[in-house]
Amino acid sequence: TSKLRTRLKGEMEIELTRRQAFLNERLELEANQDLERMERRVEMDLREVMESQVHRKAESYRLDQEIQMRERLAEARKLRESELDKQLKSERKSLEKEMLTDVDVRTKSLEEEAEQNALSDLDRRFRSERKTMEAALSLRRQELALESEVEMEQRVATYAKERETELLTTLEEQFSKRTDISKKEVNEIMKSLESHLKVKWEKIILDAKQSTLEKVSEN
Numbered sequence: 001t002s003k004l005r006t007r008l009k010g011e012m013e014i015e016l017t018r019r020q021a022f023l024n025e026r027l028e029l030e031a032n033q034d035l036e037r038m039e040r041r042v043e044m045d046l047r048e049v050m051e052s053q054v055h056r057k058a059e060s061y062r063l064d065q066e067i068q069m070r071e072r073l074a075e076a077r078k079l080r081e082s083e084l085d086k087q088l089k090s091e092r093k094s095l096e097k098e099m100l101t102d103v104d105v106r107t108k109s110l111e112e113e114a115e116q117n118a119l120s121d122l123d124r125r126f127r128s129e130r131k132t133m134e135a136a137l138s139l140r141r142q143e144l145a146l147e148s149e150v151e152m153e154q155r156v157a158t159y160a161k162e163r164e165t166e167l168l169t170t171l172e173e174q175f176s177k178r179t180d181i182s183k184k185e186v187n188e189i190m191k192s193l194e195s196h197l198k199v200k201w202e203k204i205i206l207d208a209k210q211s212t213l214e215k216v217s218e219n
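If you count the sequence shown from 1, position 1 lands on 1 in my numbering, and the numbers rise without skipping.
These are calculated hints, taken from the structure and not from any lab test. Each residue gets a CB set at the ideal place from its N, CA and C atoms; glycine is no exception. Misleading hints may appear alongside valid ones.
[To be verified] As a list, the in silico SDA-like pairs of lysine to any residue whose alpha-carbon atoms are at most 20 Å apart:
| hint | residue 1 | residue 2 |
| --- | --- | --- |
| 1 | K203 | L146 |
| 2 | K93 | V103 |
| 3 | K200 | T165 |
| 4 | K203 | R163 |
[Claimed, not checked] Simulated restraints on C-beta separations:
| hint | residue 1 | residue 2 | range |
| --- | --- | --- | --- |
| 5 | S109 | L144 | 47 to 53 Å |
| 6 | K86 | E113 | 35 to 41 Å |
| 7 | E147 | L168 | 29 to 35 Å |
| 8 | E115 | L84 | 42 to 48 Å |
Assemble the whole structure, with the sequences as input and the hints as a guide.
Dropping the structure here:
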């Protein structure tokens, strides 16, 4: 009985040792598995946290870069707008100056053309009026010449007639007193003298007429 107990006790201790070893091995395995699962969870949590941080940093960096890009674009746009504004102002001034120059040239050309046309028109009118005036003056000269000629002929004729009458009367009286000349001879002498005086007075009238015409033409 004592041996049996000892043997059973030994077997029980062996079984206990075996079971303890099995349990220890199992517990160690489970512990290792739990540790691995825990490590994986921790790794996943850390990775998730890290990825979240990386995502936030990347998003923050992206936003920061976008802000900086917008600022750079805004600054570049501002500078470009300023450059374009200066360029457009310069081009506008140049175009305005060119247009004003063109307008001045065109205006001057039109003014010169209008002035030339006006001068040409005035010149034509002046020549026309001058011709009209010259024609009127020529007619007036002719009228004056005719009037002067008529008046002069009348005066000369009157004067010549008076002088001729006086001279013939005087000569006739002188010849009548002479006894050596017959009345017929006196009449013939008087007729010859009258004819001679007529030719002479006609020449005087022609010379006076020519002188009058020359004076009228000069005036």
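These are the hints, each one checked on the structure:
1. K203 / L146: Roughly 18 Å between the alpha carbons, so the hint for K203 and L146 holds.
2. K93 / V103: 15 Å, holds
3. K200 / T165: Between K200 and T165 the Cα gap is close to 15 Å, so the pair holds against 20 Å.
4. K203 / R163: 15 Å, holds
5. S109 / L144: 47 to 53 Å: 50 Å, holds
6. K86 / E113: 35 to 41 Å: 40 Å, holds
7. E147 / L168: 29 to 35 Å: 31 Å, holds
8. E115 / L84: 42 to 48 Å: Holds - the Cβ-Cβ distance for E115 and L84, about 44 Å, lies within 42 to 48 Å.
Checked against the numbered hints above, the structure violates none of them.
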